[in-house]
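Trainee: Letter by letter, the chains look like this.
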Amino acid sequence: MTSARTKFLIGGALVLGTAGYLMATSIKETGTYYLTPTELATKLDADPGFRNTGVKIGARVVPGSIQREPGGKEYAFRVTDGARVVPVVYRGIAPDTFTDGVDVVVEGRMATDGTFHATTLLAKCASRYENAPDAEKYKQTPGYKAGAKA
Amino acid sequence: MILVGELALWVALLMGAWAATTSFAGGALGREDLVASGKRGLYATTAMMVLASIGLWTALLTHDFSLKYVASNTSANMPKVYIFSAFWGGQAGSMLFWALILAVYSAIAIRFVPPKSRDLVPWACGTLAMILLFFIATVCFKANPYDRLSFVPADGRGMNPQLQNPGMAIHPPNLYLGYVATSIPFAFAIAALVTRRLDAEWLGIVRRWSLLSWFFLTIGITLGMWWAYVELGWSGYWAWDPVENASLLPWLTGTAFLHSIMIQEKRGMLRKWNVVLVVTTFLLAIFGTFITRSGIIESVHSFAQSPVGTWFATFFLAATGTTIYFVATRLRDLEAKATLESMVSREAAFLYNNVVLVGIAFSVLWGTLFPILSEWVRGSKITVGPPFFNTVNVPLGLLLLGLTGVGPLIAWRKASTSNLKRQFAVPAAAGLLVGVVLFALGMRDGYALIAYTLAGFVAATIVQEFQKGISARRNIHGESFPVATVRLIGRNRRRYGGYIVHAGIVVLFAAFAGLAFKKDHDVQMKAGETKELVDPLGHRWKFVSQGVSTSETLNRFVTAIGLEVWRDGKPQGILTTEKRQYFDSNKQPLFEPSTEVGIRTSAKGDLYVVLAGVRDETAELRISFNPLVVWVWIGGMIMAVGGLIVMWPQAERRRAPSGYVATLEPRREMAATT
Numbered sequence: 001m002t003s004a005r006t007k008f009l010i011g012g013a014l015v016l017g018t019a020g021y022l023m024a025t026s027i028k029e030t031g032t033y034y035l036t037p038t039e040l041a042t043k044l045d046a047d048p049g050f051r052n053t054g055v056k057i058g059a060r061v062v063p064g065s066i067q068r069e070p071g072g073k074e075y076a077f078r079v080t081d082g083a084r085v086v087p088v089v090y091r092g093i094a095p096d097t098f099t100d101g102v103d104v105v106v107e108g109r110m111a112t113d114g115t116f117h118a119t120t121l122l123a124k125c126a127s128r129y130e131n132a133p134d135a136e137k138y139k140q141t142p143g144y145k146a147g148a149k150a
Numbered sequence: 001m002i003l004v005g006e007l008a009l010w011v012a013l014l015m016g017a018w019a020a021t022t023s024f025a026g027g028a029l030g031r032e033d034l035v036a037s038g039k040r041g042l043y044a045t046t047a048m049m050v051l052a053s054i055g056l057w058t059a060l061l062t063h064d065f066s067l068k069y070v071a072s073n074t075s076a077n078m079p080k081v082y083i084f085s086a087f088w089g090g091q092a093g094s095m096l097f098w099a100l101i102l103a104v105y106s107a108i109a110i111r112f113v114p115p116k117s118r119d120l121v122p123w124a125c126g127t128l129a130m131i132l133l134f135f136i137a138t139v140c141f142k143a144n145p146y147d148r149l150s151f152v153p154a155d156g157r158g159m160n161p162q163l164q165n166p167g168m169a170i171h172p173p174n175l176y177l178g179y180v181a182t183s184i185p186f187a188f189a190i191a192a193l194v195t196r197r198l199d200a201e202w203l204g205i206v207r208r209w210s211l212l213s214w215f216f217l218t219i220g221i222t223l224g225m226w227w228a229y230v231e232l233g234w235s236g237y238w239a240w241d242p243v244e245n246a247s248l249l250p251w252l253t254g255t256a257f258l259h260s261i262m263i264q265e266k267r268g269m270l271r272k273w274n275v276v277l278v279v280t281t282f283l284l285a286i287f288g289t290f291i292t293r294s295g296i297i298e299s300v301h302s303f304a305q306s307p308v309g310t311w312f313a314t315f316f317l318a319a320t321g322t323t324i325y326f327v328a329t330r331l332r333d334l335e336a337k338a339t340l341e342s343m344v345s346r347e348a349a350f351l352y353n354n355v356v357l358v359g360i361a362f363s364v365l366w367g368t369l370f371p372i373l374s375e376w377v378r379g380s381k382i383t384v385g386p387p388f389f390n391t392v393n394v395p396l397g398l399l400l401l402g403l404t405g406v407g408p409l410i411a412w413r414k415a416s417t418s419n420l421k422r423q424f425a426v427p428a429a430a431g432l433l434v435g436v437v438l439f440a441l442g443m444r445d446g447y448a449l450i451a452y453t454l455a456g457f458v459a460a461t462i463v464q465e466f467q468k469g470i471s472a473r474r475n476i477h478g479e480s481f482p483v484a485t486v487r488l489i490g491r492n493r494r495r496y497g498g499y500i501v502h503a504g505i506v507v508l509f510a511a512f513a514g515l516a517f518k519k520d521h522d523v524q525m526k527a528g529e530t531k532e533l534v535d536p537l538g539h540r541w542k543f544v545s546q547g548v549s550t551s552e553t554l555n556r557f558v559t560a561i562g563l564e565v566w567r568d569g570k571p572q573g574i575l576t577t578e579k580r581q582y583f584d585s586n587k588q589p590l591f592e593p594s595t596e597v598g599i600r601t602s603a604k605g606d607l608y609v610v611l612a613g614v615r616d617e618t619a620e621l622r623i624s625f626n627p628l629v630v631w632v633w634i635g636g637m638i639m640a641v642g643g644l645i646v647m648w649p650q651a652e653r654r655r656a657p658s659g660y661v662a663t664l665e666p667r668r669e670m671a672a673t674t
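Quick note, the sequences are listed as chains A and B, same order. For reference, each letter of the first sequence is one residue, going 1 to 150 in our numbering. For reference, each letter of the second sequence is one residue, going 1 to 674 in our numbering.
Next up, chain A with everything else stripped away, as it sits in the complex (with noise of 0.2 Å):
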């Protein structure tokens, strides 16, 4: 007759393993690689077959590249980590925030001709939740005047 003690230690056990097996195998499924434009480049050059592996890549919208299909929902931008351009399909709804000089996370595959598909497009913006704190940018104003120092 085992105790309690162990009995429970084996239960707990069993709980931890089929969570710790639950997380290892959805890691593997739906774990994506998240990488700026540079080092997709690098990987694709390495392993052509990585073209197959769903990624996600994080960069920031080219000025004055976005273009949508008229009537339709569908999106064509370039993207770039400074070294690096991408050029970038989505269809879908892009949200608000989504603007020339944003930075994007834009999740799918790279096609064969060098575009990525995307299936999901997020848009960060680094002021989000926050202005950004840059005394420039109040000069910008046109209500600003100068002098004053509290």
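Bear in mind the hints are in silico, worked out from the structure with no lab data behind them. If a hint is listed, it holds; no wrong ones were tucked in.
Subject to a maximum C-alpha distance of 20 Å in a straight line, what follows is the list of computed PhoX-like cross-link-like pairs (lysine-lysine): (1) LYS531(B) <-> LYS73(A); (2) LYS526(B) <-> LYS73(A); (3) LYS414(B) <-> LYS7(A); (4) LYS531(B) <-> LYS570(B).
Label-pair restraints from in silico Cβ distances: (5) PHE557(B) <-> THR38(A): 37 to 47 Å; (6) THR42(A) <-> ARG197(B): 50 to 60 Å; (7) GLU564(B) <-> GLY64(A): 33 to 43 Å; (8) LYS519(B) <-> GLY54(A): 17 to 27 Å; (9) PRO536(B) <-> ASP47(A): 35 to 45 Å; (10) THR120(A) <-> SER551(B): 24 to 34 Å; (11) PRO87(A) <-> LEU373(B): 25 to 35 Å; (12) THR42(A) <-> LYS272(B): 40 to 50 Å; (13) ASP445(B) <-> ARG68(A): 35 to 45 Å.
Derived contacts from chain B toward chain A, CB cut-off under 8 Å, selection only: (14) GLU341; (15) PRO371; (16) SER380.
Please read these numbers as outputs of a predicted model, since none were measured by experiment. Every residue gets a Cβ at the ideal spot worked out from N, C-alpha and C, and that includes glycine.
Given the coordinates of chain A, assemble chain B onto it according to the supplied hints.
Mentor: Leaving out everything else, chain B in the frame of chain A:
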């Protein structure tokens, strides 16, 4: 007043340092005069923090745009209430707010320490002063809301429109009140460890403050979900974003503690485990603040990258190190006084509750940190999203739901077969009935079926408990039903308050399971155009577009669309959804356009309409049917009410406690014990 506030902040820094030093010295040397001085130092710090906060509120409300914080977070044309709430809307102000709450909490906790726990005071006071010192120093040197601009802008930059929402005005304070309350149990745990006074008395203080923390976290998290749902326009309320996870983690370990503490009170078991849970909860609260403030983890809605990250990391590591040292050197003082006697007992049920809660907490932490961990270990950043969290936590959550029903009814030590039969026959049947009926009605989602079966089971256990208690009172005292109900709860607040919390959990899980039947439709509509859709419950909906209109109000430009709505041929009125562009006093646009969601709530589910955009007079809309969403908020509120009932002070007034353990649950004989 603004200048006074700024000065008070620096005085608070000095006072905090004084309080910490004298308290620790007084504790180490056993000198009462130093201890008293440390206490006074703490009270002085609190007073200074109140002044510093009044100063910032004054600056905000008088529109002193020479302060960077005021200029960055408010504008002259904003509604007063949001100017008031801008205090915690930005990084620097929220840090000050945090320190303010901690100061007030600390003063209250130290002032009202029961006489028999006096030995803990110097160390608890010192620890609290140290934490406070850290926060005040961070505010002073790294995120000072009193920083001035080199010029005075005519107007501020306003508040992000998404924060201009009643939910956002009260969600952060609740969350902070919850987060910060974890400091008090931590301080008293450290004090108990240092003095080796690890018997029951420190648990009394710790339990009360843990409950308070749990209460505010529950409200804060619920409000956060509500805000995300009505404001962000993605028709969900929980996205497993790092910021959300950070608030969930201390809630999970705090909930675990509130259960396991009962085992220590009743049976003297789990003493090490409880200390670990108390300190872990605090450390997770600090850690959560760190990951959301430092920008170390990608989050869609975190604060801007900021310089406080390193400070938090250092503080976190120091606190963790100290804790580990004290726990490790006190292991022998924490030996259990009893052992588990049977797997079929309340102890075992509570232990499993703890295993599951901590398991969920661990998986959430793991998933949140995985991008960083994978980058360290494998060199490339791998992120996990909602699928990961759902895969792991749905089964664990369901197990927890089941235990919610089992725990309160099963006997302590070892349940007899007759105890099991008597307590569980009816609830088990009720649960199965719910499952079978739903299956017959055509529900085929496996997890949802399990969830509703378990929800039925747990709900029945709660009803059964209330029914037993109430009919006992009616028989013995001849009371009417309402009187018996009120007195039953009033005389056994811990027990029946706990059941009410569990009822909230049941409602919450039932609502979560409703998500399995959510439906989204993307539609495009011209003025006058009609669309027909069927919701998950089979109701036919008809929408007629009234076309897009534009207008201008106080501080925003609005693009709106009205939809005439019919359900099953009955008119439901007009639903509007808006896109808003906020501007400052000079009509300069502020922020990106934001979405104002059109929501029609009913008990069965929400109709949720978002205006995605307008092209060539055609409105693009996302129409979602979200079953049972309103029950998430209701469930959260039921839990909060239950928490309030449990917290309400009572036992102390009626009898002088001779020892903490002895005063607990005097009417336990009515419980499951045979």
